[in-house]
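Visitor: Single-letter residue listing:
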Amino acid sequence: QQQVKQSPQSLIVQKGGISIINCAYENTAFDYFPWYQQFPGKGPALLIAIRPDVSEKKEGRFTISFNKSAKQFSLHIMDSQPGDSATYFCAASRYGGATNKLIFGTGTLLAVQP
Amino acid sequence: DAGVIQSPRHEVTEMGQEVTLRCKPISGHNSLFWYRQTMMRGLELLIYFNNNVPIDDSGMPEDRFSAKMPNASFSTLKIQPSEPRDSAVYFCASSFSGEHQPQHFGDGTRLSIL
Chain V
108 QQQVKQSPQS
118 LIVQKGGISI
128 INCAYENTAF
138 DYFPWYQQFP
148 GKGPALLIAI
158 RPDVSEKKEG
168 RFTISFNKSA
178 KQFSLHIMDS
188 QPGDSATYFC
198 AASRYGGATN
208 KLIFGTGTLL
218 AVQP
Chain W
415 DAGVIQSPRH
425 EVTEMGQEVT
435 LRCKPISGHN
445 SLFWYRQTMM
455 RGLELLIYFN
465 NNVPIDDSGM
475 PEDRFSAKMP
485 NASFSTLKIQ
495 PSEPRDSAVY
505 FCASSFSGEH
515 QPQHFGDGTR
525 LSIL
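Here the protein sequences line up with chains V and W, keeping their order.
If you're matching positions, the first sequence starts at 108 in my numbering and goes up one per residue.
If you're matching positions, the second sequence starts at 415 in my numbering and goes up one per residue.
Some hints here could point you the wrong way.
Below 35 Å or equal to it, Euclidean Cα-Cα: the simulated DSBU-like pairs (lysine-lysine) are [stated by the list, open to error]:
#: 1; chain 1: W; residue 1: LYS492; chain 2: V; residue 2: LYS208
#: 2; chain 1: V; residue 1: LYS165; chain 2: W; residue 2: LYS438
#: 3; chain 1: V; residue 1: LYS175; chain 2: V; residue 2: LYS164
#: 4; chain 1: V; residue 1: LYS175; chain 2: V; residue 2: LYS165
#: 5; chain 1: V; residue 1: LYS112; chain 2: V; residue 2: LYS164
#: 6; chain 1: V; residue 1: LYS122; chain 2: V; residue 2: LYS164
#: 7; chain 1: W; residue 1: LYS482; chain 2: V; residue 2: LYS208
#: 8; chain 1: V; residue 1: LYS112; chain 2: W; residue 2: LYS482
#: 9; chain 1: W; residue 1: LYS492; chain 2: V; residue 2: LYS112
#: 10; chain 1: V; residue 1: LYS175; chain 2: V; residue 2: LYS112
#: 11; chain 1: W; residue 1: LYS438; chain 2: V; residue 2: LYS149
#: 12; chain 1: V; residue 1: LYS208; chain 2: V; residue 2: LYS178
#: 13; chain 1: V; residue 1: LYS175; chain 2: W; residue 2: LYS482
#: 14; chain 1: W; residue 1: LYS492; chain 2: V; residue 2: LYS149
#: 15; chain 1: V; residue 1: LYS208; chain 2: V; residue 2: LYS165
#: 16; chain 1: W; residue 1: LYS492; chain 2: V; residue 2: LYS164
#: 17; chain 1: V; residue 1: LYS112; chain 2: V; residue 2: LYS122
#: 18; chain 1: V; residue 1: LYS112; chain 2: V; residue 2: LYS208
#: 19; chain 1: W; residue 1: LYS438; chain 2: V; residue 2: LYS164
#: 20; chain 1: V; residue 1: LYS112; chain 2: W; residue 2: LYS438
Negatives, chain V to chain W, calculated, CB over 12 Å [claimed, not checked]:
#: 21; residue: ILE119
#: 22; residue: LYS122
#: 23; residue: ILE127
#: 24; residue: ASN129
#: 25; residue: ALA131
#: 26; residue: PHE140
#: 27; residue: GLY150
#: 28; residue: ALA152
#: 29; residue: GLU163
#: 30; residue: ARG168
#: 31; residue: ASN174
#: 32; residue: ASP186
#: 33; residue: ASN207
#: 34; residue: LEU209
#: 35; residue: THR213
Between beta-carbon pairs, the in silico distance windows are [to be verified]:
#: 36; chain 1: V; residue 1: LYS175; chain 2: W; residue 2: MET429; range: 27 to 33 Å
#: 37; chain 1: V; residue 1: ASN174; chain 2: W; residue 2: ILE419; range: 18 to 24 Å
#: 38; chain 1: W; residue 1: GLY417; chain 2: V; residue 2: ARG158; range: 24 to 30 Å
#: 39; chain 1: W; residue 1: THR452; chain 2: V; residue 2: LEU153; range: 19 to 25 Å
In case anyone wonders, no lab produced these hints; they're calculated from the structure.
Using N, Cα and C, we set each Cβ at its ideal position, and we do this for glycine too.
Chain W extracted, bound-state conformation (with noise of 0.2 Å):
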């Protein structure tokens, strides 16, 4: 079976510049997780989705981050404009909802803005 599937998997782009992150989950899965991961924060939860419904967006930085789940199997999570410090890996990670139920990753996308 598939597994989560991110694209890109690296971007380089410069400051100002609209970035858009793409996430197709674990079929059937309706959970779904953005991350963000960097060397002085670890792993952040920028907001989760269940039922394609945003629950929890507490994590978003700031209003320059977006996030959509327009259908079960795709997520787009957008930074308009971008910045340096916006630097980082960004994982999407899908699950069943339900009580504890295991959060699968995906590589993620390494994004870079100059």
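Isolated chain V, as found in the complex (with noise of 0.2 Å):
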């Protein structure tokens, strides 16, 4: 019940499309719904997160799309680019115990083409 999946484990896209990777949760308890971004040699860094009370969230070229009754959530990458060539995780947490306890979904590798 604490799993995340992720899918798709890799991805190409190429300069200019829609990037989209998309993740499912089985705990009904999660209440924060966080994307990294992972580039070689370096830690995740926060992109963009959603909380359960909205369906979607904009910041610049990046949008989650959350379904709750489904159990899903997705990243969009519009007018992708070679530099968000990286690995994107998508987490979930349940607040508790003074902070938040991240579970991480597996990661998928985006390659954008020039």
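Combine both chains into one complex, guided by the hints.
Guide: Here you go:
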């Protein structure tokens, strides 16, 4: 029940295209869903996050779509650029114990071809 | 501002040796997390601290692993004795405590046990 399932494992998109990464969760107690971006040799960095009281959140070219009834959420990268090539992780957490314990998906390696 | 600082960046040692990984969190952050990243298991939370106190160590794989946080600006993760299966990238992250505060990751320590 603590798992977060992420797909696809890898994704190749042409420059200017839309990249879509999907995640699904089981624990309905999760109340925070961030996406992290990781470049080679670096730690993950928070990209965008959503709470389940909204169905969509947009920041620049990055949008999270959230479907509470289906227990699914996705990251859309519009106008994908070669600089977006990285590994993307979805995560979920439930606030407790004075902090937030993140459960990460398995990651998606995105390659944007010029 | 300095981010989370981890040392060493790379560590290669022989099986059976003691390994100590170090982390300096962002000043003012009072939650600290240790993660392990492998291809097989992805990003796993090992332990987290709040106000220097260990809150949840359920992710620590076995007694060979131990973590301490003697003060607000320093934490260590120790493996003794090390084994080849401990080879991974170990990340430290910090955040403010409280609901859904973003976690800031260091650049990790790549550990290889021969």
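Visitor: For the pair supplied as a hint, LYS208 of chain V and LYS165 of chain V, confirm whether the alpha-carbon distance does not exceed 35 Å.
Guide: holds (24 Å)
Visitor: Against chain W, does LEU209 of chain V keep a CB gap of more than 12 Å to every residue?
Guide: violated (7 Å)
Visitor: Is the Cβ of LYS122 of chain V farther than 12 Å from every Cβ of chain W?
Guide: holds (28 Å)
Visitor: Going straight from one Cα to the other, do LYS175 of chain V and LYS165 of chain V come out at no more than 35 Å?
Guide: holds (17 Å)
Visitor: Do ASN174 of chain V and ILE419 of chain W keep their Cβ atoms within the hinted range of 18 to 24 Å?
Guide: violated (39 Å)
Visitor: Holds or violated: LYS175 of chain V and LYS112 of chain V, Cα atoms, limit 35 Å.
Guide: holds (15 Å)
Visitor: In terms of Cβ atoms, is chain W entirely out of 12 Å range of ASN174 of chain V?
Guide: holds (20 Å)
Visitor: Against chain W, does PHE140 of chain V hold up as non-interface, every C-beta pair farther apart than 12 Å?
Guide: violated (10 Å)
Visitor: May I ask you to check that ASN207 of chain V keeps its beta-carbon over 12 Å from the closest beta-carbon of chain W?
Guide: ASN207 of chain V is in fact no farther than 12 Å from some Cβ atom of chain W, at 6 Å.
Visitor: With a cut-off of 35 Å on the C-alpha distance, tell me whether LYS112 of chain V and LYS122 of chain V pass.
Guide: This hinted pair holds, its Cα atoms lying about 27 Å apart.
Visitor: For a C-alpha distance cap of 35 Å, please report whether LYS122 of chain V and LYS164 of chain V respect it.
Guide: Holds, at roughly 23 Å.
Visitor: Is it correct that the beta-carbon of GLY150 of chain V has no partner in chain W closer than or equal to 12 Å?
Guide: The claim is violated: GLY150 of chain V sits with its nearest Cβ about 3 Å from chain W, within 12 Å.
Hints 13, 16, 26, 27, 28, 33, 34, 35, 36, 37, counting from the list given before, are not met by this structure.
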